[in-house]
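Peer 1: Kindly produce the complete structure, drawing on both the sequences and the hints.
Here the protein sequences line up with chains V and G, keeping their order.
0 is the number of the first residue of the first sequence in numbering that gives the first Met the number 0; add one for each residue after it.
0 is the number of the first residue of the second sequence in numbering that gives the first Met the number 0; add one for each residue after it.
Simulated from the structure, these hints should not be mistaken for lab results.
Any given hint might turn out to be false.
[Claimed, not checked] Straight-line alpha carbon distances no greater than 25 Å define the calculated BS3-like cross-link-like pairs of lysine-lysine that follow:
(1) G:K106 - G:K225
(2) V:K342 - V:K75
(3) V:K82 - V:K342
(4) G:K63 - V:K430
(5) G:K154 - V:K259
(6) V:K237 - V:K387
None of the values given here were measured: they were computed from a predicted structure.
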Amino acid sequence: MKKILSLLMLSLVLIIAACSSGSDSDSSSGTDDDSKGTDSGGKDSGSAGSVEIFSWWTGAGEEDGLLALIDLFNEKFPDIEVKNAAVAGGAGTNAKAVLATRMQGNDPPSTFQVHGGEELNKSWVAANKMEALNELYEANDWMDKFPESLIDLVSSDGNIYSVPVNIHRGNVIFYNMEIFNEHNLEVPTTMDEFFAVAEKLEAAGVVPLALGDKETWEATQVFENLLAAELGADDYIKLFNGEIEFDDARVVKAAENFDKLLNYVNDDHASRSWQDSAQLVAEGDAAMLNMGDWAKGYFVNDLGLVTNEDFGYFAFPDTVGEFAVITDTFGLPTGVEHVEETKEFLTFLGSVEAQDVFNPLKGSIPARIDADPSKYDDYGKDTIEDFKTAKLFPTLAHGSAASEGFVTKANQAVNIFVTQRDVDNLISALKSAAPEM
Amino acid sequence: MMEKDLPIRKKNKISKDQLTAILFLIPSLILIVVFVYGFIGWTGYLSVSNYNTIVPDFSFAGLKNYAYLFNDFRFQADLRNTIFFTVFFIGLVIVLGLGLAILLDQKLKGESIFRNIFLFPMALSFIVTGVVWQWLLNPSTGFNNFLKVFGIQPKWYTDTNILAGFQWGQIEFGLPVAILAVVIAAVWQMTGFSLAMYLAGLRGIGDELREAARMDGATEFQIYWKVVLPLLMPITMSVVIIMAHISLKIFDLVYAMTGTGANFVTDVPGLYMFETTFRGNYYANGAAIAIIMLLLVAVFIVPYLWNNRKGDQS
Numbered sequence: 000m001k002k003i004l005s006l007l008m009l010s011l012v013l014i015i016a017a018c019s020s021g022s023d024s025d026s027s028s029g030t031d032d033d034s035k036g037t038d039s040g041g042k043d044s045g046s047a048g049s050v051e052i053f054s055w056w057t058g059a060g061e062e063d064g065l066l067a068l069i070d071l072f073n074e075k076f077p078d079i080e081v082k083n084a085a086v087a088g089g090a091g092t093n094a095k096a097v098l099a100t101r102m103q104g105n106d107p108p109s110t111f112q113v114h115g116g117e118e119l120n121k122s123w124v125a126a127n128k129m130e131a132l133n134e135l136y137e138a139n140d141w142m143d144k145f146p147e148s149l150i151d152l153v154s155s156d157g158n159i160y161s162v163p164v165n166i167h168r169g170n171v172i173f174y175n176m177e178i179f180n181e182h183n184l185e186v187p188t189t190m191d192e193f194f195a196v197a198e199k200l201e202a203a204g205v206v207p208l209a210l211g212d213k214e215t216w217e218a219t220q221v222f223e224n225l226l227a228a229e230l231g232a233d234d235y236i237k238l239f240n241g242e243i244e245f246d247d248a249r250v251v252k253a254a255e256n257f258d259k260l261l262n263y264v265n266d267d268h269a270s271r272s273w274q275d276s277a278q279l280v281a282e283g284d285a286a287m288l289n290m291g292d293w294a295k296g297y298f299v300n301d302l303g304l305v306t307n308e309d310f311g312y313f314a315f316p317d318t319v320g321e322f323a324v325i326t327d328t329f330g331l332p333t334g335v336e337h338v339e340e341t342k343e344f345l346t347f348l349g350s351v352e353a354q355d356v357f358n359p360l361k362g363s364i365p366a367r368i369d370a371d372p373s374k375y376d377d378y379g380k381d382t383i384e385d386f387k388t389a390k391l392f393p394t395l396a397h398g399s400a401a402s403e404g405f406v407t408k409a410n411q412a413v414n415i416f417v418t419q420r421d422v423d424n425l426i427s428a429l430k431s432a433a434p435e436m
Numbered sequence: 000m001m002e003k004d005l006p007i008r009k010k011n012k013i014s015k016d017q018l019t020a021i022l023f024l025i026p027s028l029i030l031i032v033v034f035v036y037g038f039i040g041w042t043g044y045l046s047v048s049n050y051n052t053i054v055p056d057f058s059f060a061g062l063k064n065y066a067y068l069f070n071d072f073r074f075q076a077d078l079r080n081t082i083f084f085t086v087f088f089i090g091l092v093i094v095l096g097l098g099l100a101i102l103l104d105q106k107l108k109g110e111s112i113f114r115n116i117f118l119f120p121m122a123l124s125f126i127v128t129g130v131v132w133q134w135l136l137n138p139s140t141g142f143n144n145f146l147k148v149f150g151i152q153p154k155w156y157t158d159t160n161i162l163a164g165f166q167w168g169q170i171e172f173g174l175p176v177a178i179l180a181v182v183i184a185a186v187w188q189m190t191g192f193s194l195a196m197y198l199a200g201l202r203g204i205g206d207e208l209r210e211a212a213r214m215d216g217a218t219e220f221q222i223y224w225k226v227v228l229p230l231l232m233p234i235t236m237s238v239v240i241i242m243a244h245i246s247l248k249i250f251d252l253v254y255a256m257t258g259t260g261a262n263f264v265t266d267v268p269g270l271y272m273f274e275t276t277f278r279g280n281y282y283a284n285g286a287a288i289a290i291i292m293l294l295l296v297a298v299f300i301v302p303y304l305w306n307n308r309k310g311d312q313s
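Peer 2: Now the structure itself:
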């Protein structure tokens with residue numbers, strides 16, 4: 000009997016040990032940090048700790064950018080250890096799932112990647128999980144270094160909650176220059192011109208617009224640009240603030256344009272990712288592609304094309320002078336261990352130097368307006384120039400314009416629309432999801 | 000078990016052996032109760048809560064989330080797809096697995112080579128299968144370009160047609176053609192498994208039974224139809240159970256191969272659950288889908304377990 004009991008105890012002990020090994024290793028690394036802290040004189044509570052940066056930057060250019068950032072930070076602050084906690088896959092979906100688990104288990108990373116706009120405000124800020132960064136902005140004199148409308152995007156109730164690191168543009172159309180030259184086509188600037196060009200290309204046997212909406216957001220991105228084309232940036236923002244209803248005549252017009260535009264896309268769009276659709280343009284099977292400007296990185300780095308020789312770019316028709324802004328930002332969650340070190344890191348992320356190291360590698364442009372344009376390629380220089388003067392509007396497909404819940408439902412409605420082409424159905428689906436924006 | 004139980008009841012006392020067994024089971028029992036049944040319970044509770052944003056809200060919502068799902072176009076489409084996927088997948092896996100097993104059972108030379116060839120796809124993960132078949136069945140690549148020469152242009156999983164469809168609820172109910180592409184990939188992967196099961200079953204049927212049937216003047220076909228197949232029933236049951244729980248919970252294959260599909264023609268509940276929970280932060284809706292999936296699997300598993308229990312007792 001004693002034997003049995005002792006065996007039982009042993010097995011219980013083993014189980015308990017296995018269960019708690021996670022926390023054991025945590026606390027031991029904690030003591031490591033503490034000893035380092037006392038060595039280097041210490042900050043705050045005597046611990047020059049570590050900063051954990053959480054992102055989904057694991058792709059080719061973006062990972063290089065992130066590593067370069069971390070290297071530069073290590074040079075400047077050798078005392079602070081930076082942990083790269085990137086989660087790969089699913090265009091950030093996997094990372095968001097991990098983040099949600101950690102945030103709700105009160106184990107937040109020191110700072111994490113989040114798109115500016117409602118993805119930040121309607122979730123973590125609304126859940127009281129973020130610290131306001133107003134003092135950080137004032138201390139660094141940032142209020143006039145970022146565009147005002149960009150700061151608005153990362154603010155809620157007058158408090159600023161994150162630091163924008165980069166900017167991507169969503170309302171760009173990339174086009175195959177050879178095809179345009181061959182058919183003597185001008186770059187369209189209005190929707191009417193766009194449809195005229197599409198008609199000519201169709202007649203010539205070229206697919207006018209490449210679309211790869213396997214994941215649906217690609218189609219939603221086209222739709223949001225059509226919305227901006229009809230409404231203009233100001234009313235587009237009002238639409239997603241709830242000041243304009245979804246059954247507004249211009250929204251209906253945008254949906255009708257969407258229906259019309261879908262006549263000009265490749266038949267197998269549902270089987271393609273955006274990269275696959277970009278290949279259609281690269282190989283000359285399709286003429287145009289509406290995609291965020293990360294597609295430029297794909298054209299140049301992965302497909303070896305030359306900007307302004309093989310492919311050109313223009314603003315989505317009727318949105319010239321407007322800028323669909325997708326910005327990756329980093330904030331400060333409540334309850335992180337090393338607050339001062341994290342603030343140090345955020346200050347660094349907001350600096351011109353850091354942004355000019357990261358963005359040329361990632362293929363985006365800096366969020367600051369005083370960065371050095373000479374470090375960027377032709378497309379980057381152009382976009383930096385546009386960004387200074389353009390009216391910004393937040394993107395729906397990437398979670399800036401509305402809550403994640405609304406975005407999911409909008410994607411669902413768009414997916415159904417792409418097949419059924421039922422304008423009334425789309426409008427009523429958006430309208431019924433509107434309370435969740 | 001039975002033989003051992005009897006003497007214990009007589010003594011009306013638990014034997015030392017049994018006590019050891021129980022004591023050793025307790026730790027894993029506790030873990031299973033907490034981490035399996037506990038969390039199933041918690042998921043069930045979430046599914047009737049208002050937790051549909053990132054801000055936790057555990058207030059009671061009744062069956063609101065279930066009502067929403069059953070009125071939702073996407074979820075109705077998911078149920079339709081699951082039904083057709085399950086029927087075609089299980090049917091084909093059984094027919095092909097049995098057919099191949101019977102062929103291999105003809106005392107073939109090099110049988111083990113064939114068996115390994117057929118079994119091999121099972122070693123792959125569904126993700127790999129998904130990526131491979133995504134390209135094989137892409138309407139604009141490879142074999143499909145060859146078919147174009149003959150004027151055949153199958154659209155495979157990009158087909159949005161619903162065969163024999165009629166309006167039912169929000170959706171058109173019928174066979175979504177696109178799901179057949181997913182069925183092909185899944186059958187390709189899992190047929191080897193049912194083949195192995197059936198082959199083992201066939202080996203268990205003694206030659207004397209066939210001989211006896213032959214003596215009675217049965218044709219080869221009748222032998223299979225009236226003797227072998229009924230004897231293989233337990234194997235068929237096991238294959239159905241195993242395949243059903245794979246097909247009802249399928250996620251990775253669809254995720255890698257087709258995604259939700261245009262008009263949700265290849266969407267499945269697992270995919271919807273993942274997206275609505277982790278993209279849309281609809282935790283309660285996601286939990287409700289999980290519970291519905293659990294009930295669907297239970298429909299298959301519970302009668303099976305019940306049957307087994309009766310078998311043990313008799």
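Peer 1: Return the numbers of the hints above that this structure violates; sort them in rising order.
Peer 2: none
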